[in-house]
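Chemist: Letter by letter, the chains look like this.
Number of protein chains: 2
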Amino acid sequence: MPEKILIVGGVALGPKAASRCKRLSPDADVTIVDENNYISYGGCGIPYYVSGEVNALDDLRATPYQTVRDPEFFRVMKGIVVRNNTRALSIDRAAKTLLVKDLVGGREENLPYDKLALATGARARIPPVEGCGLDNILALTSLEAADAVRKACQEGKVSGAVIVGGGFIGLEAAVALADMWGVRVSIVEMAPQILPGALSPSLARMAVHDCEKHGVDVFTSEKVVRFTGEGSAVSGVVTDKRRLEAQLVILAAGFIPNTALAEAAGLDLTAFGAIVTDERLRTSDPAIYAGGDCAAVKNIITGDMGYLPLGSMANRQGRVIGTNLAGGSDTFPGYVGSWALKLFDLSFCGVGLTVGVARKAGFDALSVGAAQLDRAHFYPQKDMMHLELVVDKTTGRVLGLQGAGAAGDALKARIDAVAGVLQYAKPTTADISNLEVCYAPPFASAMDIVNTVANVADNVLAKRVIPVTGEKFIEMWNNRSDNNVFFIDVRPARAALDAQSRQPDWHAIPLEELAARIGEIPKDRPVALICNTGLRSYDSVLLLARHGVTDVVNAMGGMQAVTGMGFSL
Amino acid sequence: MPEKILIVGGVALGPKAASRCKRLSPDADVTIVDENNYISYGGCGIPYYVSGEVNALDDLRATPYQTVRDPEFFRVMKGIVVRNNTRALSIDRAAKTLLVKDLVGGREENLPYDKLALATGARARIPPVEGCGLDNILALTSLEAADAVRKACQEGKVSGAVIVGGGFIGLEAAVALADMWGVRVSIVEMAPQILPGALSPSLARMAVHDCEKHGVDVFTSEKVVRFTGEGSAVSGVVTDKRRLEAQLVILAAGFIPNTALAEAAGLDLTAFGAIVTDERLRTSDPAIYAGGDCAAVKNIITGDMGYLPLGSMANRQGRVIGTNLAGGSDTFPGYVGSWALKLFDLSFCGVGLTVGVARKAGFDALSVGAAQLDRAHFYPQKDMMHLELVVDKTTGRVLGLQGAGAAGDALKARIDAVAGVLQYAKPTTADISNLEVCYAPPFASAMDIVNTVANVADNVLAKRVIPVTGEKFIEMWNNRSDNNVFFIDVRPARAALDAQSRQPDWHAIPLEELAARIGEIPKDRPVALICNTGLRSYDSVLLLARHGVTDVVNAMGGMQAVTGMGFSL
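Heads up: the protein sequence lines correspond to chains A and B, in order.
Taking our numbering, the leading residue of the first sequence gets 231, the next gets one more, and so forth.
Taking our numbering, the leading residue of the second sequence gets 231, the next gets one more, and so forth.
One or more of the hints may lead you astray.
Intra- or inter-copy, both count: the list cannot distinguish identical chains.
Said to hold, decoys possible - For lysine-lysine, the following DSS-like pairs were computed, each having C-alpha atoms within a straight-line distance of at most 27 Å:
1. K612 <-> K572
2. K381 <-> K572
3. K387 <-> K471
4. K471 <-> K702
5. K656 <-> K528
Keep in mind the hints are simulated off the structure, nothing from the lab.
As the structure is a computational prediction, the values presented were derived from the model and not from experiment.
Looking at chain A on its own, in the form it has when it is part of the complex (with noise of 0.2 Å):
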């Protein structure tokens, strides 16, 4: 008798387990079972299908080459069946039966298994609010619902849309609705930042004036708390602190695992409600297996259990379950957490702990920022790279990095250098300020950022100099009646004089004229240092600390990132 493999769930994890089985034992009987019409669809590609960057529909659902893969693809090229409108009910582990319902024809069964795979995924959280009920409120889960904010941006039914969470999701959904169809777009956010656990706020400042600048409003530290109607269609917002008109609202506040049927079976869950896995993604069954987006993972990096819904991550993870559906003992390692999201002129990616998250997971964390041109400074094509490395500040070791830069590719280069090493060591700064990255001109300073950022990690936990982020340099700045600081600009004269010129308590002092005019600064003031990128004002706080100047502290990143957080003077 042919081994059973059932596979509750059709999208990323669940086709890809049934293949990887069937190619090492093409006698198992494999069945994925997915209560959707549509199976096997690139569900990450919804907001480029919702922008109209992707064309059709079936491309989501296509193979690089073109062929659909509809449940005859899978049961003519791969041998698998693939039962679509049909829901899985519940499991009887004792008997290894899946009970199922034919949503077409109404019949139920019970489906024999000796191995069983769960990629049931998750759902869109739903706020509990007033109204969200009402037509044209959605989540880009599925490809109806993407089919159906397409049509209405194309038929011209939507000059306002508020996007519910400012996480990867909804940023990519106001991109889509921006850029493309030139919607007046408004995030709204429960955090005080966007991207809250992926960047810091300093960076997620960034996003946001990378979103302003195009025409999206991003309302932070802000509630919905109903959604107001004409008829059935939705056509406006209430928040706690406004009301936003909307024709379209995306929900994107996160996503619930769908662990009905685990649960029901007696699976264990955890806390915070996704099925529980071991090294060979077994549940607590060993006859189940369970991956992607209704699984827990563990954090690789702070050593828990975590959730990282990403299709990456489910594929990588079927195939491992894949393997071992088929009788072959695989291992999936678990997660660093490495991401990336394209906004409008700017990317940003990340691996690893955010400064925030760090400190909540009991580190003793600190974020060092620096910024630097992504390729050597004499190579005529070049952009502006930020990064921020998380360190312990006990330790010295690397709990992440996260980054923002025009050319996104090359922001990747510098998050999955560290990110391979994440996976499979426990790095201090002085690794990271040692790492061999590929150099050429063309793709890189020699002294690549990504060492750079280290470097400043290592003088900053050396104590040679006290960094301030963007966000906190502009507070200052704000707030420079009340503190009393000494602001000095220490880029060449022509920069410097002109930001002075604007600005009388902007002190232009180029660091070839710092020890000269030493006697210019107050001794009795706290100073706070600004160059370009903050290596100029690094030389300079040495000098001032060789002059007895101490009480200095340097701005990191310098005027690139004040200025990309929409600072000006």
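Could you slot chain B onto chain A? The hints should help.
Modeler: Frame of chain A; chain B shown alone:
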């Protein structure tokens, strides 16, 4: 008494070490000695000055903020003494003095030191053939040479140029001359391929194809026999196979470390003539440090002392040496050998060992290739990427990764991710299968090519598929009248039938039809399968195996790989 620190060599490592030392130890008496006039320039930028992409020579000498790094800059801004035009003649290790000669005034002088650092760099290898002293035969190792080459091109004096050596510098020079000045360029390389030691023969062939498409001739397995002249200037290059007209010859046949000073002082050198250093970058005399292009460093993958003359390594080593000169205790971990090269339409990057180098180092190595789009296949902007993973057959250990692609930064991201791992672990194919890199559709596929190539390697090691390189596939096709191989193109019908219509030996049997048409495949002939990238043909291998057809090889990287090498039907 402040410590006396002497540094011989004023480019890359020297100034970096001096600056770092002075920052940590402001009282130290730091002097840089260099026999040239220009110091602290970006030598890696020379090809981009030759091409005109870098406007002025001073751009290579400037900081990112356009301050020229001349001796005065180091004196005023850093408190470092620079004695340029000053040659270091000999070291008296017992007396701890360095004898130097002022090349302008002619005066000799003994400079005392507490610590000495050697950053004497390397010089171009000059082929010992007749005529190599003619004018306009030069190496791109100085700003003066760069200026001479650019002037000659600007003045229209160069219609043909020959580059001796198909390594990094030779290829960068070829791009500069052909792309920007429209010079007829020929590269002459002794080895059977360009970039030997850096790329596999298959990837090198893609590089050749990119060169040839842009009018650069590449002659491999070919040796320069003599240079011919008209008057004092070169007019031609005679090889063992042909005569090439040339008003300009660039010597790019490798580097020789400058170690005369170290050798005369009795410091240990490696068999290949570089200065031996320890983890702290000390030579065999603990008061003398060495780094950059004159020194050997540990190769992390082989564990042996190796040599990698790259500006990026020199800069990182400079910081370590600077810390140690200042009394600290920093270490340099060695290198994994990452590099990047931008040609015309394609970029190339690599890390670790090629399959050839790995075999020479004693590994039972194999290289496995994959071709895949560099981002989600439904995303509108995307390019094909090629990766080759080098693995040890016995252990599955990953020894290197090399690749080619149109999007250079995206390629660098994949190589850097693996470079990070190689520096801190001995990864296996399973580790790279599960390597977590930043994902979103504008940046990567959900199953990234770096994971895919490891998956392919895993399948090869498990003997699920027998791969052939693109190069080998082309050879098999060209020898088809002898080897009796039956070639099957399993791409979707349209592409495959089009190829078959031109070549009757090319059999179009799409994967979809393979089972039904199994009878068309002769049982007594070896079979070679090809598709677009290698994935469909892998499924075809498995399908054929189920039907008892097992003498089958699969073309890695598929049509994408072989057409990238210039193959057409």
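Chemist: Now look at each hint and say whether the structure bears it out.
Modeler: Status of the hints after comparison with the structure:
In this assembly of identical chains, K612 and K572 lie within 27 Å of each other by CA distance both inside one copy and across copies; the values are 18 Å within and 15 Å between. Proximity of K381 and K572 under a CA criterion of 27 Å is satisfied intra-copy only: 23 Å inside one chain copy versus 43 Å between copies. Taking the shortest Cα distances, K387 and K471 sit within 27 Å of each other inside one copy (26 Å), while across copies they are farther apart (72 Å). For the homomeric pair K471 and K702, the shortest alpha-carbon distance inside one copy (25 Å) is at most 27 Å, but the shortest distance between copies (68 Å) is not.
Proximity of K656 to K528 under the C-alpha cut-off of 27 Å is found in both arrangements, the shortest distances being 16 Å within a copy and 22 Å between copies.
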